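Asks: Numbering (this note's numbering), first residue to last: 7 to 181.
Worth flagging that the hints you see were computed from the coordinates, not collected in a lab.
Treat the hints with care, since some could be wrong.
Okay, derived cross-link-like pairs now, EDC-like style, lysine to aspartate or glutamate, Cα gap no bigger than 20 Å in a straight line [unchecked claim]:
| hint | residue 1 | residue 2 |
| --- | --- | --- |
| 1 | Lys47 | Asp75 |
| 2 | Lys84 | Glu100 |
| 3 | Lys47 | Glu61 |
| 4 | Lys146 | Glu100 |
| 5 | Lys125 | Glu151 |
| 6 | Lys84 | Glu118 |
Taking CB as the label site, the calculated pair distances span [claimed, not checked]:
| hint | residue 1 | residue 2 | range |
| --- | --- | --- | --- |
| 7 | Thr59 | Lys146 | 27 to 33 Å |
| 8 | Ala104 | Lys146 | 18 to 24 Å |
| 9 | Val48 | Arg69 | 20 to 26 Å |
Computed from a prediction, not measured in an experiment: that's the story for all the values here.
Yeah, the Cβ is synthetic: ideal placement off N, Cα and C, and Gly gets one too.
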Amino acid sequence: MARQVGHRPAGAGPRARAEPAQAEEKPAPLEAPRSLALPLKVRVGELSLASLTLEPAHVSLYRLQAGYDYDGARHRLKLQRLDTPWGGVNAGLELAAASPFPLSGQLAAQGELEQVAVKARLKLAGDLLKPAFSGQMDGKGVSVELSGALRRSTPIPSTGWRGWMPASATSIRSP
Numbered sequence: 007m008a009r010q011v012g013h014r015p016a017g018a019g020p021r022a023r024a025e026p027a028q029a030e031e032k033p034a035p036l037e038a039p040r041s042l043a044l045p046l047k048v049r050v051g052e053l054s055l056a057s058l059t060l061e062p063a064h065v066s067l068y069r070l071q072a073g074y075d076y077d078g079a080r081h082r083l084k085l086q087r088l089d090t091p092w093g094g095v096n097a098g099l100e101l102a103a104a105s106p107f108p109l110s111g112q113l114a115a116q117g118e119l120e121q122v123a124v125k126a127r128l129k130l131a132g133d134l135l136k137p138a139f140s141g142q143m144d145g146k147g148v149s150v151e152l153s154g155a156l157r158r159s160t161p162i163p164s165t166g167w168r169g170w171m172p173a174s175a176t177s178i179r180s181p
């Protein structure tokens, strides 16, 4: 007589089967890459974009003009122009391809916030794993200076998410 697989005789009680619990695999800790090198040199002389709308905030950016260069040792990004609803921005960033990835950069902006003319400057320094910043914003007789650094955070429990935490100082002065 052939026996059917999965067939239980009439009147048989429920089956229970014990399996060993599998240990949860812990994600490997995040590590910095050894290199950000590209396999070839790259030069993008000019990248232009007439407009870009960011959703869901529905913020539009206009007249983006940028360039990029990688010479085998350093990545260089230059933002010659970007117009926003609040004013204009230009910026530059240089990043070494070799660890610890020294970086330098600057951003300059001028425009209007809440109908007040403002100017802002921001500088980046340090390296990709420990970036530092300093900056200043001036408008309507008030000046705000800020400086600080970012450090990697420990993973947030139950999510495993890891990000950057600010460690900064700010001062406000009025002339």
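Asks: For each hint, tell me whether it holds in the structure or not.
Replies: Here is how each hint holds up against the structure:
no.: 1; hint: Lys47 <-> Asp75; verdict: 8 Å, holds
no.: 2; hint: Lys84 <-> Glu100; verdict: 9 Å, holds
no.: 3; hint: Lys47 <-> Glu61; verdict: 34 Å, violated
no.: 4; hint: Lys146 <-> Glu100; verdict: 33 Å, violated
no.: 5; hint: Lys125 <-> Glu151; verdict: 12 Å, holds
no.: 6; hint: Lys84 <-> Glu118; verdict: 23 Å, violated
no.: 7; hint: Thr59 <-> Lys146: 27 to 33 Å; verdict: 30 Å, holds
no.: 8; hint: Ala104 <-> Lys146: 18 to 24 Å; verdict: 44 Å, violated
no.: 9; hint: Val48 <-> Arg69: 20 to 26 Å; verdict: 24 Å, holds
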